[in-house]
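Got chain A; can you put chain B on it based on the hints?
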Amino acid sequence: MSIAIVDYGMGNLRSVEKGFLKVGVDARVVSTPTEVEDASGVVLPGVGAFRDCIRNLEELNLREAVIRGIRGGKPFLGICLGLQVLFTQSEEFGLCNGFDVFPGRVVRFPEDHTLKVPHMGWNTLSIKRRAPILEDVPDGASFYFVHSYYVVPDEPGITATTTDYGLRFTSMIWKDNVFATQFHPEKSQQMGLRVLKSFGQFVKKN
Amino acid sequence: MLAKRIIPCLDVKDGRVVKGISFVNLRDAGDPVDNALYYDEQGADELVFLDITASHEKRNIILDVVRKTAEEVFMPFTVGGGLKTPDDIRELLKAGCDKVSINTSAVKDPAFVQKGAERFGSQCIVVAIDAKRTVGGKGAPPEWAQYHPELLIPEGKETWELYIHGGRTPMGLDAIEWAKFMERLGAGEILLTSMDRDGRKDGYDIALTRTVSEAVTIPVIASGGAGTLEHLYEALSEGKADAVLAASIFHYREHSIREAKEFLRARGVPVRL
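These protein sequence lines are chains A and B, in that order. The numbers in the numbering used here rise by one with no breaks, and the one at position 150 of the first sequence is 515. The numbers in the numbering used here rise by one with no breaks, and the one at position 262 of the second sequence is 283.
Same shape as in the complex, but just chain A (with noise of 0.2 angstroms):
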């Protein structure tokens, strides 16, 4: 079975199923909870508003299966978006509530921050705990952010990354079969696609 990619309106879909193909790992376009459902992995993409994430996964009935694949223990990535709606809560545009998959807040980066916003570029990732999708990816190594909203995991332990922008943030979580990313492997060239490999090797392992 192969790896669904979840097709819920937000974001570019494309280039992260060409990545996979890049490193040989069947994936798909997904856009059914059934297809969810019989994957063997199943990856978040996302770039936008958390609100329209949140509701399109709702109108499509993908919400469900998307929490339930995470609890039954198949291999999940998520990138940017689908990292966030894992957590408790966002404050883009008032409060909106996550998948509470773990506790913990979604802010945006402080007003009185002396730095741009949105973090838009390539930013180095300090590596706190080796997640096997970081196999190949050396401490320090640059990927591709585009974001103005990061996550405050209430559990500091799931951490797997962290980088600075004015401040230190959570760039990668990693809890057993979940994996996600604030970083966009697809667009960091190489380093990306070796992220993308490593995450299709666990999923056939699992």
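What the hints contain is simulated information worked out from the structure, not anything from laboratory work. Treat the numbers as computed from the prediction; the structure is a model and nothing was measured. Don't take each hint at face value.
As the list claims (entries may be wrong) - Simulated DEER-style distance windows between Cβ atoms:
{"id": "1", "chain 1": "B", "residue 1": "ARG286", "chain 2": "A", "residue 2": "ARG416", "range": "20 to 28 angstroms"}
{"id": "2", "chain 1": "A", "residue 1": "ASP541", "chain 2": "B", "residue 2": "HIS77", "range": "25 to 33 angstroms"}
{"id": "3", "chain 1": "B", "residue 1": "ARG205", "chain 2": "A", "residue 2": "ARG433", "range": "22 to 30 angstroms"}
{"id": "4", "chain 1": "B", "residue 1": "GLU235", "chain 2": "A", "residue 2": "PRO475", "range": "26 to 34 angstroms"}
{"id": "5", "chain 1": "B", "residue 1": "ARG88", "chain 2": "A", "residue 2": "ARG433", "range": "29 to 37 angstroms"}
{"id": "6", "chain 1": "A", "residue 1": "LEU386", "chain 2": "B", "residue 2": "SER269", "range": "32 to 40 angstroms"}
{"id": "7", "chain 1": "B", "residue 1": "SER269", "chain 2": "A", "residue 2": "ASP541", "range": "50 to 58 angstroms"}
{"id": "8", "chain 1": "A", "residue 1": "ARG416", "chain 2": "B", "residue 2": "ARG205", "range": "18 to 26 angstroms"}
{"id": "9", "chain 1": "A", "residue 1": "ARG433", "chain 2": "B", "residue 2": "ARG286", "range": "42 to 50 angstroms"}
Every residue, glycine too, gets a C-beta built ideally from N, C-alpha and C.
Okay, now just chain B, sitting in the frame of chain A:
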């Protein structure tokens, strides 16, 4: 730490690169994907395709370019030129590009930027600003500007005037105020070109770059005038730009991207090597 970005710009006409890499053994010097792959290997941080195809009826050609590029190149890229409707944006994003750059259509109808940002997210809406030094302004402001008097240029004021139609038409609007206005309407980034410097290779307009960069809180890409590596350094340091766009300096292999980054790093500018 966030790296300053170096962004090569390729001009594309009818699906072919017309201002791109020269003196390099590309399989096909006019092929956008080959050009993009070359810069991908060189370590460019992003790419911009500027579509200068005149006819709106030929938009499917650029879509095809975007699709093919997205299959081979895994780095962020922006497409600009001739976007008129939200559907134009949607089609480009769906084809696989990450951002679109809007210039003339933003000035004709500022709500276009707002609609684009609301529907697709600010992160993918780049507003391209062509600016030229002026005293008091030359052009006649668009009709809607009466509701936004802060954008008008008072008589005798020294500033930069906003131009459209690839830098041919002055609009009577203050480019600095326009940048702030675009940020308010949801632009995620400003691509700022100095019409005084473009093509002259004697350096970016540092005062313009710095003024806009300090006026907005979104990232600013400096463009127009790069001739030496020193020019890139000036725009990123004194000019406070977040990224630099350059064409001929890289296309004609006067300098490689790597060389540029090493030069900048030695001067203390954070870059990705």
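Taking the hints in turn, this is what the structure says about them:
1. ARG286/B / ARG416/A: 20 to 28 angstroms: violated (40 angstroms)
2. ASP541/A / HIS77/B: 25 to 33 angstroms: Violated, at about 51 angstroms.
3. ARG205/B / ARG433/A: 22 to 30 angstroms: violated (42 angstroms)
4. GLU235/B / PRO475/A: 26 to 34 angstroms: Because 19 angstroms falls outside the window, the suggested range is violated.
5. ARG88/B / ARG433/A: 29 to 37 angstroms: Since the Cβ atoms of ARG88/B and ARG433/A sit about 34 angstroms apart, the hinted range of 29 to 37 angstroms holds.
6. LEU386/A / SER269/B: 32 to 40 angstroms: Given about 35 angstroms between the Cβ atoms, the range holds.
7. SER269/B / ASP541/A: 50 to 58 angstroms: Since the Cβ atoms of SER269/B and ASP541/A sit about 52 angstroms apart, the hinted range of 50 to 58 angstroms holds.
8. ARG416/A / ARG205/B: 18 to 26 angstroms: holds (21 angstroms)
9. ARG433/A / ARG286/B: 42 to 50 angstroms: holds (48 angstroms)
The structure fails hints 1, 2, 3, 4 (numbered hints given earlier, in ascending order).
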